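Chemist: The task is simple: from the sequences and hints, build the whole structure.
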Amino acid sequence: MESVDLIYKAIYILVIFGITLLIATYSTYFERKIAAFIQDRVGPNRAGPAGLLQPLADAGKLFFKEDFIPAKSNKALFILGPGIAMLVATMSSAVIPFGDMLMVDGREIWLQAIEVNIGVLYVFGVVSLGVYGLMIGGWASNNKFSLLGAIRAASQNISYELAMGLSLIAVLMMTGSLSLREIAEQQAGFNWNIWYQPLGFVIFLICAFAETNRTPFDLPESEAELIGGYHTEYGSMKLGMYLFAEYINIFVASAVMATLYFGAYNFPFMENLRAAISDPVVANNVVTLVGVAAMFAKIFLFIFFFMWVRWTLPRFRYDQLMKLGWNILIPLAILNILLTGGGIMLKDYLF
Amino acid sequence: MTENLFYFVASLTLLCALMVVISKNPVHSVLFLIITFFTISGHYILLNAQFLAAVNIIVYAGAIMVLFLFVIMFLNVSKNAENEAKSSFLTKLAGTIAGGMLFVVMIAALKDVSLAGANLDTYNSQVGMVENLGLVLFTDYLLPFELSAVLFLVAMVGAVMLGKKEAGEQHF
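Chains as they are written, first to last, in this note's numbering: chain A, 111 to 461; chain B, 3 to 174.
Treat the hints as calculated values from the structure; they're not laboratory data.
Note that the coordinates shown come from a computational prediction; the quantities given were computed from them, not determined experimentally.
Be careful, since some hints might not be right.
[To be verified] One side of the interface only, derived from the structure: several residues of chain A facing chain B at Cβ under 7 Å: (1) Ile228; (2) Tyr232; (3) Gly235; (4) Leu239; (5) Val241; (6) Ala264; (7) Leu288.
For every residue, glycine included, the Cβ atom is placed at its ideal position computed from N, Cα and C.
Modeler: See the structure below:
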């Protein structure tokens with residue numbers, strides 16, 4: 111790889127990292143605004159115009175609070191826990207194609223940090239690691255409620271990973287590729303996977319809620335039974351890191367859903383737009399930039415959906431959660447695989 | 003570059019694997035084992051086998067080690083295990099003898115080994131990719147593949163049978 115490419119990649123990765131953090135920061139603000147709207151309140155409106163500086167104020171508050179470490183905790187792991195949660199959360203945005211190709215000075219610039227031929231598996235692997243931050247933090251606190259929260263988190267994540275993986279398999283059967291870029295390219299225009307995989311998408315969506323520990327699946331931190339779950343003993347910015355990691359996970363889950371099912375950076379009539387501009391380089395760049403906007407619009411819609419659900423649905427009971435995962439979602443996902451396989455065979459047979 | 007990377011990853015693997023055995027706290031051991039799996043995945047990537055690397059992380063680091071951690075956290079073995087292991091002279095003796103025997107066997111086995119390097123003319127660098135792996139699994143090795151699938155199924159059915167509640171058994 112040339113040094114120019116390396117520099118470009120470094121800049122791109124930093125930009126994506128920054129955007130991820132920015133979106134996660136403002137997700138906290140919009141979460142509170144949307145909650146306020148749904149509950150007919152005003153929400154944060156003191157810091158800055160319309161409360162826009164509220165996330166900064168929150169972060170400042172968290173940073174200046176006492177950094178408390180319980181006396182009988184395992185200190186090293188107690189500090190490591192939030193760090194792992196944060197690290198794992200920021201890892202998976204590396205393989206997501208946020209846009210197609212830009213042409214600058216005859217140089218092709220792909221709007222994706224790393225293109226690997228196992229992109230889907232990479233995301234899946236990182237998601238499966240997400241539970242360590244919670245488990246280590248919960249155990250190291252040396253507190254029964256924290257440990258219970260951690261154990262709940264672990265069993266919930268493992269259970270829903272299975273259904274998630276099975277619903278992914280149906281998508282992979284259709285696209286025949288593990289590369290997220292190829293999956294995105296195959297959904298050109300309005301040919302999105304959601305039209306072929308509605309059931310798979312619903313299963314994936316439910317599992318994404320469970321994997322990010324969002325209501326109605328936020329049992330690891332259900333305050334009514336467990337005080338605060340795995341982060342009972344955490345305070346200051348360590349608690350902030352855990353909460354922040356959750357928002358990053360929401361952003362990443364939204365991006366993955368947009369890529370796998372909602373056509374990533376593709377939007378309807380993109381070929382018409384490309385044909386309408388005479389200069390091919392300009393046409394390509396315009397289509398790509400509109401595509402990036404479309405991608406982020408889809409991501410924001412999903413993030414909004416996450417928040418909408420949080421303030422609408424109550425929490426599951428734990429046995430209901432397990433029953434839903436093992437008795438309903440996994441058989442449904444297997445049925446979805448069979449249906450997809452049958453559909454592919456039928457298509458080969460008929461056409 | 004690749005060679006340096008290999009030595010770096012290999013030494014890290016050995017170090018972490020040693021730490022698994024050395025650490026006093028079983029939770030630390032499990033965490034070091036997880037890092038060992040990561041470094042082994044690093045080796046797979048150096049060998050251009052991304053699929054194996056990803057699956058190694060998903061299956062071992064993502065699922066099996068979580069269960070390990072789960073069990074160790076629940077049993078809370080740290081204090082008891084430490085005392086027992088320290089107090090017994092017989093354990094140390096048995097461990098030394100067993101380890102020494104293993105070492106002798108390893109030396110005997112590795113003494114006459116000659117490394118067969120890959121033939122650069124016929125070697126296909128893409129052999130570790132998903133497509134090739136799938137092709138090989140579903141053509142040349144179809145029977146073993148299906149048999150191991152059946153084995154997993156049997157293990158799963160066995161686990162379900164063991165975990166199933168008998169009629170009249172108490173719910174807790």
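Chemist: Would you check whether leucine 239/A satisfies its interface hint, that is, whether its CB is within less than 7 Å of any CB in chain B?
Modeler: 6 Å, holds
Chemist: Per the CB criterion, is glycine 235/A less than 7 Å away from chain B?
Modeler: Holds: closest Cβ of chain B sits about 4 Å from glycine 235/A, inside 7 Å.
Chemist: Restraint: leucine 288/A near chain B, CB-CB cut 7 Å. Satisfied or not?
Modeler: OK, holds: leucine 288/A within 7 Å of chain B, min 6 Å.
Chemist: When the nearest CB of chain B is found for alanine 264/A, is that gap smaller than 7 Å?
Modeler: It holds, given that the least Cβ distance between alanine 264/A and chain B is near 5 Å, below 7 Å.
Chemist: A closest beta-carbon separation below 7 Å is what the hint needs, so does valine 241/A meet it against chain B?
Modeler: 6 Å, holds
Chemist: With 7 Å as the cut and Cβ atoms as the points, is tyrosine 232/A at the interface with chain B?
Modeler: 6 Å, holds
Chemist: Was the hint right that isoleucine 228/A lines chain B, CB cutoff 7 Å?
Modeler: 5 Å, holds
Of the numbered hints listed earlier, not one is contradicted by the structure.
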